[in-house]
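Each chain is listed here by its residues.
2 protein chains.
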Amino acid sequence: MTMKRHFDADLDDLRGRLLRMGSLCEEMIQYAVKVVVEREESHLAAVEEWERQVNRLHIEIDDLCLRLIALHQPAAGDLRLIAAALKINSDLERVGDQAVNVAVTGVFLLKEPRIKLGDIPRMVEVAAGMLKDALDSFARGDVALAREVIRRDDEEDRLKSQTFNELVHLMQSDASAIQRGMDVILIARNLERIADHATNIAEDVVFMVLGKDIRHGAERE
Amino acid sequence: MTMKRHFDADLDDLRGRLLRMGSLCEEMIQYAVKVVVEREESHLAAVEEWERQVNRLHIEIDDLCLRLIALHQPAAGDLRLIAAALKINSDLERVGDQAVNVAVTGVFLLKEPRIKLGDIPRMVEVAAGMLKDALDSFARGDVALAREVIRRDDEEDRLKSQTFNELVHLMQSDASAIQRGMDVILIARNLERIADHATNIAEDVVFMVLGKDIRHGAERE
Chain C
731 MTMKRHFDAD LDDLRGRLLR MGSLCEEMIQ YAVKVVVERE ESHLAAVEEW ERQVNRLHIE
791 IDDLCLRLIA LHQPAAGDLR LIAAALKINS DLERVGDQAV NVAVTGVFLL KEPRIKLGDI
851 PRMVEVAAGM LKDALDSFAR GDVALAREVI RRDDEEDRLK SQTFNELVHL MQSDASAIQR
911 GMDVILIARN LERIADHATN IAEDVVFMVL GKDIRHGAER E
Chain B
731 MTMKRHFDAD LDDLRGRLLR MGSLCEEMIQ YAVKVVVERE ESHLAAVEEW ERQVNRLHIE
791 IDDLCLRLIA LHQPAAGDLR LIAAALKINS DLERVGDQAV NVAVTGVFLL KEPRIKLGDI
851 PRMVEVAAGM LKDALDSFAR GDVALAREVI RRDDEEDRLK SQTFNELVHL MQSDASAIQR
911 GMDVILIARN LERIADHATN IAEDVVFMVL GKDIRHGAER E
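Listed in order, the protein sequences are those of chains C and B.
The working numbering runs 730 ahead of the 1-based position in the first sequence.
The working numbering runs 730 ahead of the 1-based position in the second sequence.
Check the hints yourself; a few may be wrong.
One copy or two, either will do: identical chains are not told apart, so a pair holds if it fits within one copy or between any two.
Said to hold, decoys possible - Calculated pairs, SDA-like style, for lysine to any residue (alpha carbon to alpha carbon, straight line, at most 25 Å): (1) Lys764 with Arg844; (2) Lys862 with Ile944; (3) Lys841 with His899; (4) Lys942 with Gln783.
Worth flagging that the hints you see were computed from the coordinates, not collected in a lab.
Could you build all of it, start to finish, from the sequences and the hints given here?
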C-alpha cells in the first residue's frame with residue numbers, strides 16, 4: 731500500500747472506532763434508563779461493562795489520533811477530522827460517565843416507592859436521538875443534520891426545566907418525596923448534559939466539514 | 731528567526747494564552763462565589779464579561795493548535811503539548827460555564843432568605859486550589875504537583891456528598907427551604923465539576939510530560 735492509502739485506511743479505522751464507541755454510549759443510555767423506568771437493577775452491570783469498553787476506546791482513540799498526526803503530518807480537512815475525533819472522543823467518554831450516573835441513581839430510586847418521573851422519558855428520547863444524529867452527521871459529514879441536532883438542544887433544556895419545576899412542587903407538598911425527587915432531578919441533569927455533549931459533537935462536525943467554528947454563537951453574531 | 735525558533739515562540743504563545751484563559755477562569759470562580767456568599771449581585775456582570783473573553787480564547791487556542799500542527803508537523807513531546815493544550819482548552823471553557831452557572835444560581839438565591847451553605851465555602855477553596863495547581867503543573871511540567879491535584883479530587887467529592895446530605899435534611903424539615911436548598915445543591919455540583927475539570931487538566935499534564943496515559947485508573951490496574 732502507498733502511504734496515502736495507509737493513511738486513508740487509518741482514517742477509516744479512526745472513524746470506525748469512534749462510531750463503535752458512540753454505539754456503546756447509545757446502548758448505555760438506553761439500559762441506564764431501563765434501570766429507572768422499568769426498575770430493573772440488573773442492567774447496571776451491563777452499563778458498567780460497556781463503560782469499561784468505552785474507557786478503553788477513549789485511550790486507544792487518543793493514541794491513534796496522535797500517531798496519525800505524527801506519522802502522516804495531515805493538513806486541512808484530514809487534520810480537522812483528527813482534531814474533531816480528539817474532541818468527539820472526550821465528549822463520548824463523558825456521555826458514558828453520565829449514563830453510568832443515571833444507572834447508579836436509578837438503583838437508589840429502586841429502594842424507594844415509585845415517584846413521578848416528569849418529562850424524563852421524553853428527555854431520554856431527545857438526548858438519545860440527538861446523540862444518534864450527531865454521530866450520523868459525523869459518519870456522513872452531513873452539516874445540515876449537525877445543525878439540526880444543535881437546534882434540538884433547546885427542547886432538552888425546556889424539558890429539564892419543566893421536570894425541575896414539577897419535582898420541586900412535588901417535594902414541597904410531600905417531604906417524604908424529597909430524597910427521591912432530588913434523584914430524579916439529578917437524572918434530568920445527566921440527560922441534559924448528554925444532549926450538551928451531542929451538541930458539542932455536532933458543532934465539531936460543522937467545523938470538520940466547513941472549517942468554520944460556530945461555537946459560542948459565532949454564527950449569530 | 732529559524733523555523734525552530736519560530737515554533738518555540740509559537741509554543742510559548744500557546745502556553746501563555748492557555749494560562750491567561752486559566753487565570754480568567756480562576757477570577758470567574760472567585761467572583762461567582764462572591765455572588766453566593768457575599769450576596770452581591772453586581773459580580774454577575776463581571777463573570778459574564780470574563781466568560782466572553784474565555785470563549786474568544788477557546789476559539790483562538792483551538793485554531794492556533796491546528797495551525798501549529800499543520801505548519802510545524804510536531805512530533806513526540808511537542809505534539810503531546812499541543813494535544814494537551816487542545817484538551818485543557820475544552821476543560822477551561824467548561825470551567826467558565828460552571829462558574830457562570832454558580833453566579834446565575836447565586837442571583838436566584840439572593841431573592842430568597844439566607845440559607846445554610848453547607849461545605850460550599852470549603853468546596854470553593856478546594857476546587858479553586860486544584861485548578862490553580864493544575865495550571866501551575868502545566869506551566870512548569872510538574873508531574874508531582876499534577877498527581878497531587880488528582881488525589882485532592884476525593885476530598886471535593888466527600889464535601890459534595892456532605893453538603894447534599896445536609897441540605898436534603900434541611901429541606902425535609904422545612905418545606906419552605908426546598909427551592910433554595912435545591913439551588914445550593916446545584917452549586918455544589920458545579921463546584922464538584924470544576925474540580926473534575928482540574929483533575930482532567932492534571933491528567934493531561936502527566937500525559938504531556940511522561941507520554942503515559944493515566945486516565946481510567948490505568949496506573950492502578
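**Item:** Structure versus earlier hints, numbers of those that do not hold, lowest first
**Value:** none
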